[in-house]
Every structure is written in structure tokens, then in C-alpha cells.
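Chains as they are written, first to last, in this note's numbering: chain A, 1 to 172; chain B, 1 to 664.
It is possible that some hints are incorrect.
[Stated by the list, open to error] Listed next, the in silico BS3-like pairs over lysine-lysine satisfying Cα-Cα at most 27 Å (straight line):
id	chain 1	residue 1	chain 2	residue 2
1	B	LYS145	B	LYS558
2	B	LYS5	A	LYS143
3	B	LYS558	A	LYS159
[Said to hold, decoys possible] So these bits of chain A aren't anywhere near chain B, every CB distance computed over 10 Å:
id	residue
4	LEU45
5	LEU108
6	VAL116
7	VAL145
These aren't lab readings, by the way, just hints derived from the structure by calculation. Heads up, the beta-carbon is just placed ideally off N, CA and C, and yes, glycines get one too.
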Amino acid sequence: MLTILKIIQYLVRALNSEGTPGQVAVGFTLGAALGLTPVVNLHSLVFIAVIAVFRVSVPGALLGWLLMTPVGFLLDPAFDAIGRALLLNAGELTPLWTTIYNTPILSLANLNNSVVLGSLIGWAGLTVPIYVVARIGVGQYRKHVYPKIATWKIFKAVKASKVYNVYRLFQP
Amino acid sequence: MARVKLFRWQSLIPLGILFVLLGVLLWLFLDVLVERSVERSGTYIVGARVDLASADVRLGDGVVVLRGLQVTNPDAPMTNLIEAREIVLNVRMAPLLEKKLHIDTLALRDMRFGTPRAESGALKNPPPGSGQIKRDIDRWARQIKIPSFSLEGLGQVVNVGAIRPESLQTLAQARAIVAASDSMVGMWDQQIRALDPRPQIDSTRAFIAELRAADPARLGVAGITTLGTNARARLTAVTHLRNQVAALDSSARGGVADVRSLVQGLADARDADIAFARGLLKLPSLEGPQLSPAIFGEAALSWVKPVLYWMRIAEEYVPPGLNPRRYAGPRRARRRGTTVLFPTGQSTPRFLLGFGEASLALGGTGAAAGSYAARITGLTSDPMLTRTPIALLASRTDAVRGPRDIRVAALLDHASRPIRDSLAADLRGISLPSVTLAPLGARLLLGTGMSNLSLARSGDQLDARWLWRSPDVRWERLTGATPGDAAAQRIGTKAWADDLLWRTIAGIDNVEIDLRLSGTVTRPSLAVRSNVGETIAQSLRREFGREVERAEQQVRAKVDSLVQSEVARARAMAETARAKAMNEIAPRVAEVQQVETQLDAEIRALVQRLPAGVRVPALSIPGLPRVGRPDTTVPDTTRKTPPDTTPPDTTATAVPDSTPRHRS
């Protein structure tokens with residue numbers, strides 16, 4: 001139950017954060033990378049570092065992660081196909097994969113796995129659409145939806161909770 | 001305008017703390033991760049559970065200690081293939097950054113084989129790809145046809161009712177002959193009716209008579225010209241008819257020849273049916289070479305399957321060449337995908353064991369008691385990178401009693417193509433297993449003896465021989481019957497059969513079983529030979545050779561009775577077809593040919609009777625076909641006789657014959 005409440009908190013705050021719609025959209029896009037790709041991998045640390053170091057919306061990133069995780073599961077067959085095509089059928093890329101596979105640290109990134117590689121490439125291809133949709137969505141939400149839900153008691157309760165203070169640390 | 005800040009510097013500390021926490025967690029759970037990793041990868045490779053009690057990773061020393069390893073035997077899930085109390089590995093750290101495992105030395109302590117398991121090691125839901133090799137080998141084993149061996153039924157009325165007509169080749173072939181003959185005869189009738197040569201033959205004969213009676217002087221030039229034109233047209237028509245009839249004749253002869261070969265094949269089909277029916281009735285063979293596979297086939301398969309399995313495992317995980325290799329990705333909630341490895345000539349192997357050593361001490365005073373040692377060098381996943389063969393040597397270093405001649409040597413050369421594997425195992429004075437021989441209703445306790453396995457593989461070809469020999473075997477009866485039972489006196493009963501076999505095998509003390517594998521690695525052929533088979537064959541021949549012969553006669557009679565009427569019908573139909581071809585088609589060809597020859601002769605005679613200097617173009621056209629040489633090829637009936645472009649000689653002027661007269 002607590003988890004569900006926190007999820008609702010993130011959802012509301014992400015959409016209503018004080019960051020600009022652009023910052024939320026970039027955060028959402030970076031969070032989508034965590035959702036679309038298998039998370040227990042080296043690249044996830046890189047994405048987390050980028051989200052933390054750059055002034056993007058952290059709640060936006062969490063929202064992107066949350067929403068895109070089931071999408072990642074659904075798109076796994078497509079990611080697998082993309083990865084297999086790149087790893088096995090694109091002969092001109094073999095030297096690149098060979099270098100990555102034989103380079104210390106980089107070889108730990110599992111880029112030689114079809115789903116990892118395919119999902120990263122898939123996310124890269126979807127970056128612009130995700131960003132555009134997220135930006136428009138946040139703008140529309142703030143203009144039309146937020147004024148209505150701001151008056152809800154539950155919203156006020158969530159906003160007053162302690163988690164909100166932690167969130168403010170990362171607020172852009 | 002306020003400057004947009006790009007970085008969030010204050011997050012660096014929490015981020016650093018996060019990464020440090022992750023590192024600490026990794027360090028804390030590294031032992032568990034290694035333990036799970038060994039279990040998962042081992043399970044995937046073996047196709048049965050691999051359990052590890054604990055793992056102790058000392059990163060500073062580069063030492064990993066694995067304790068309580070149990071590898072389930074995939075063929076016997078309640079038994080461990082190998083159990084080791086402790087395994088100590090000295091691991092190089094740098095290759096780990098490339099996800100490579102390089103072990104300088106490995107030491108196995110207290111290794112044991114075939115220990116019982118507390119719970120089954122079979123996999124309920126094996127991962128995709130895991131155990132594939134075992135499944136392949138099981139599939140191969142299932143398609144090996146082990147001859148049946150049963151003495152039950154001998155001496156009784158043979159149940160020939162088990163022979164079903166629909167399963168007999170002879171019947172099918174006879175029906176095919178009937179159908180083909182019937183179809184051919186019908187087709188020929190139609191074609192003969194369509195050709196209907198009789199009216200043309202009769203009219204041509206009448207025309208020949210007219211030609212013979214023709215007087216050129218009385219007919220005049222115009223009459224001769226008309227007669228010549230008619231003669232030429234008639235001859236062309238008769239030649240065309242002759243070609244058509246000859247084509248039908250040729251086709252008929254071909255059909256008759258085909259049917260004749262089918263009729264001749266009926267004898268072979270009958271022999272095959274008798275062999276098939278004999279198999280249905282499970283009549284025993286009385287030949288030693290056929291009895292040995294029937295008796296030891298199942299046991300031989302269970303012995304050679306592990307050999308093939310580990311050879312295939314060696315090929316799978318020690319592959320030759322440097323082409324990208326595919327494996328199933330790691331197990332996770334998301335799809336596993338395919339992990340592709342890209343080794344290069346300059347890189348280091350993904351897995352390398354420089355030197356491994358195992359020791360084993362068996363206590364007690366039995367034949368197997370003593371110390372054993374095994375060494376392995378150069379074990380790698382990329383033999384093309386190490387360029388050295390993998391060598392394994394195991395031997396008994398000390399024996400409490402008995403001979404010490406236990407030696408196993410293996411060499412895997414996968415660094416060059418074709419790959420070459422060799423294995424020589426010579427075990428003497430060891431306890432051989434007991435074998436349950438269901439066809440004999442007995443268990444063979446081989447006792448102390450020798451086992452010698454030599455195997456050579458080159459590329460896809462395999463040649464192996466496995467010899468088991470024991471000079472002092474014992475036999476145990478599986479059934480409770482004892483010699484002299486009343487039931488055992490009734491020939492053909494199971495008790496009688498068991499009793500006979502028991503009396504035969506009970507006197508065999510010295511047993512030799514010789515297995516041979518040859519052919520391709522994936523589908524080798526298996527041959528089994530044993531003195532037990534030969535001894536039983538001699539006994540069977542002595543005891544009831546005549547019984548088997550009598551039963552075979554019954555089988556033969558049953559098969560004949562089932563196929564006789566259909567075979568006779570087939571032969572009759574084939575004869576009908578032959579008679580049709582010979583009596584109705586061939587004479588027509590001869591008759592048309594005769595008429596054609598006569599017509600040609602009469603035309604020639606008419607030309608001879610023409611007055612000097614008179615030339616009738618119709619009778620001297622170069623294209624006038626020659627007769628008397630029957631065209632034996634099938635004529636192209638679509639081709640028409642070229643139209644005569646020569647203008648008719650209506651002037652009937654006598655032209656001085658300055659050129660030699662053309663003779664057709």
C-alpha cells in the first residue's frame with residue numbers, strides 16, 4: 001500500500017514539479033532508458049549518474065522508469081530481433097563488437113547480449129518521440145489537469161508528506 | 001536573464017555514496033553470487049542440478065574456495081556424477097575485468113563418483129538449450145533398433161493371426177500390378193479404336209490392286225498424273241498410320257516390361273514380408289551375432305550414452321575456430337536473448353584452467369581401495385587462442401591389493417581442424433557393474449574384471465571400442481521359478497523359456513562383451529558382440545532348432561495364403577496386358593508395314609512402266625518417303641507433310657528427259 005502511495009506521489013510530483021517541462025521531459029526520457037533496458041547492467045549506473053549530475057527532473061526520470069518498464073517487457077521480442085540483427089547479421093559491425101567484447105570494463109556492459117544491445121538501440125531511436133510526447137504531456141497536464149486536482153484533499157496530503165522534502169533535494 | 005545551471009553538483013556526494021553502497025553490497029554478497037553462478041552455469045551445461053554448499057571468495061589473495069560440490073548424473077538423477085568436498089582455485093584478477101575467468105591452478109579434494117543424492121537432481125523446468133545434447137543422444141538411442149528376443153510361444157500354435165494383410169508389401173505390390181495392367185489395357189483399347197487402321201488398310205490394298213492393273217499408255221499423261229498424285233498421298237497416309245501404330249506398340253512394350261519387372265519383384269516382396277512377419281511373432285534368431293545385440297543392446301546403450309554425451313559436451317564448450325559463438329543470455333525477468341562472443345586471435349580465452357589436479361582415496365580392503373590422482377592441463381573455452389591440446393591423465397597411485405593398472409588418458413586437440421579427440425582407458429582388477437538382462441530373465445554380476453575403452457575422433461567421424469571381460473561372473477535369476485517346475489515342462493511357456501535360458505547361462509563363467517561405435521559422432525552405429533550370445537545360440541540350436549523351423553514354415557504359409565490370390569490375379573493381369581500387346585498391337589504394326597511396302601513397290605513398278613521420256617512429278621518428288629525401313633521411333637504427329645508447292649502438270653506435255661530419272 002505504501003509503495004502504491006509513493007508511486008502516486010512520484011506521479012503527481014513529476015507532472016507538477018517546479019522544473020520546466022523540458023527538464024521533466026529530459027528526465028522522463030533518461031528514466032525511460034532504465035525502463036526499456038534490462039536494469040541490472042553497467043549502463044544503468046551511467047544513466048543514474050547522468051540523471052543525478054545533470055539538472056534534469058529526477059521525479060520525471062522515476063516516472064519514465066516506472067511507465068516504461070512494462071513497455072520494455074512488451075518490446076523485448078523486438079529488441080531481441082534488433083540486437084540479433086546487429087550482432088549476427090551486420091558483418092561490418094563485427095569489428096566494433098569484437099573491440100567492445102575484448103576491452104576491459106566495457107566488456108562488462110553486456111553489449112554482446114541481443115536484448116541489452118537491442119533495447120539500448122531501441123531507446124536511442126525512441127529518444128526524440130519520448131521527449132516530444134513527454135514535453136507536450138507535461139504542458140497539457142499543468143494547463144488543464146493540475147488546477148483541478150490541486151484542490152483534492154489527497155493531493156494536499158501527499159504534498160505535505162516527508163518524502164516531498166527528500167524530493168526537493170533533487171528538484172531542478 | 002538568469003543563467004541556466006547545467007550540473008547539479010550537490011548530487012555528487014549522494015551519488016558517490018550510492019556507488020560505494022553498491023560496491024559494499026557486491027562485496028558482501030560476492031560469495032553468494034559466485035555460488036549461484038557456479039550452480040546455474042553448471043546446471044545449464046550438465047542438464048541436471050549442480051549444487052554447491054558454499055563459496056568463499058578472497059579477492060585480495062585471488063583465491064576462491066568452493067565447498068560441497070555435487071554434480072547430478074543426468075542419466076540417474078538420484079546419483080551424483082561427481083562429488084567433491086573442496087575445490088581451491090587460484091584466479092587471476094585482471095581478466096575478470098573482461099568477464100574472463102583464468103584459473104592458474106585448481107585442486108579438487110576428496111572427489112568421489114556415483115554417490116547417492118538426498119533428493120533428485122532432475123530439472124523440473126530446464127532452461128531452453130540446457131540438456132539439448134542429452135536429448136539428442138536419447139533420440140539417437142531411441143532410434144537404435146534392438147532386436148527382440150523371446151522364446152515364448154515356441155512349441156505352441158504360432159499365432160499367425162498377428163500378421164495383418166495391410167502390412168504386407170506383396171499385397172500392395174500385387175494390387176499395384178493389377179491396377180497398372182488394367183489401366184494399360186484400357187488405354188490401349190481406346191487408342192486402337194481411335195486409330196482404327198482396318199478401313200485404311202483395306203482401301204490401300206484396293207488401291208494397290210488398282211495401281212497394279214494401271215496401264216500408262218491407256219491412261220494418258222493426265223490419268224498417270226492423277227494416279228501418281230493419289231499414290232503419293234496414299235503412301236504418306238500409310239506411313240503416318242504405320243508411325244502411329246508403331247508408337248502405340250513401343251509404348252505397349254514399355255508398359256509390359258515395367259509390369260514384368262514388378263511381377264519379378266513380387267518374390268523379393270514376399271521374402272521381406274516373411275522377415276517382417278517373423279519379427280512380429282518374435283521368433284528368436286539362432287545366430288550368435290544377432291543374439292548378442294538382443295541380449296546386451298539396452299545395457300550397451302546405457303554404457304555408451306555417457307561417452308557420447310561428454311564427447312559432445314567437449315565439442316560444445318571447447319569449440320574449434322574463432323567465429324562468433326552464440327549462447328543463451330543470462331537468466332532474468334526480462335527475455336534472455338542471445339549472448340554472442342567475439343574472440344580474436346590477439347585476445348585471451350574466456351575460460352582457461354592452466355593446471356588442475358584431483359586426488360581421491362578409497363578406503364577399505366576391496367579391489368578398488370587405494371589412491372587415485374588426476375591431472376588436467378590447458379582446459380580452455382578457446383583452444384585456438386592457447387594453441388595447445390587439452391590433456392587429461394588419471395591413474396591409480398597406490399592400491400591396497402590387486403593390480404594397479406588403472407590408467408585413463410585423454411587428449412582433446414581442438415586447436416586445429418578437423419578436431420581430434422582420443423581417449424584410452426585401461427582399467428584392470430576393478431569391480432565391474434552388474435547388468436540386468438531382461439531378455440534372459442537374469443542379472444549378470446560381472447564381478448572383478450577388466451574394462452578397456454579406446455576412442456578416436458577425427459572431425460565428424462568416430463571409432464571406438466569398449467571391451468569388458470570378466471573371468472568369474474555370477475548369474476542371478478530375476479524370476480522366482482526353479483528348475484523342474486511343472487510349468488517349465490510345457491514347451492512354449494515363459495517358465496519353460498526362462499528355465500532353458502537359465503540352464504544355458506548358468507554354466508557361463510567367463511564373459512566378454514565387445515562394443516563398437518563407428519560412423520558419425522551424432523549418429524554412430526553400435527555393434528555388440530559377446531560370447532554369451534554365441535553360447536545361447538548354440539544351446540537354442542541344439543534344443544529347439546526344429547521348433548523354430550516349424551514356426552517359420554507356418555509364418556511362410558500364412559504369408560503365402562494372404563498374398564496368393566492377389567499375386568495370381570496380378571500375374572494374370574500382367575499376362576493379359578502382355579497378350580494384348582503381342583496379339584493385338586504388334587500384328588497391326590506388321591500389317592500396316594506390309595501394306596506400306598506393297599504400295600511402295602507398286603509405285604516403283606508403275607514408274608518403271610512409264611514410257612521413255614515421260615516424267616510424272618508426283619511420282620518423282622525427292623521427298624517421297626522410302627519404304628521397307630520401318631520407322632521405329634515415335635513419330636512427331638504434329639508435323640505435317642509439307643505442302644506440294646509444285647504446280648500441277650496440267651499441260652501433260654512430254655518433256656524430253658535430259659536429266660537422270662529420279663528413283664524414289
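Here is what the structure says about each hint:
At roughly 26 Å between alpha-carbon atoms, LYS145 of chain B and LYS558 of chain B fall within 27 Å of each other, so this suggested pair holds. Restraint check: the Cα-Cα separation between LYS5 of chain B and LYS143 of chain A comes to about 25 Å, which is no more than 27 Å; the hinted pair holds. At most 27 Å may separate the alpha-carbon atoms for a hinted pair to count; LYS558 of chain B and LYS159 of chain A exceed this at roughly 95 Å. A beta-carbon of chain B is positioned within 10 Å of the beta-carbon of LEU45 of chain A; the least distance is around 7 Å.
With a least CB separation of 6 Å from chain B, LEU108 of chain A falls inside the 10 Å interface cut-off, contrary to its annotation. Listed as outside the interface, VAL116 of chain A is inconsistent with that label: its C-beta sits roughly 7 Å from the nearest C-beta of chain B, within the 10 Å cut-off. Chain B leaves VAL145 of chain A outside its interface by the beta-carbon criterion, the shortest separation being 27 Å against a cut-off of 10 Å.
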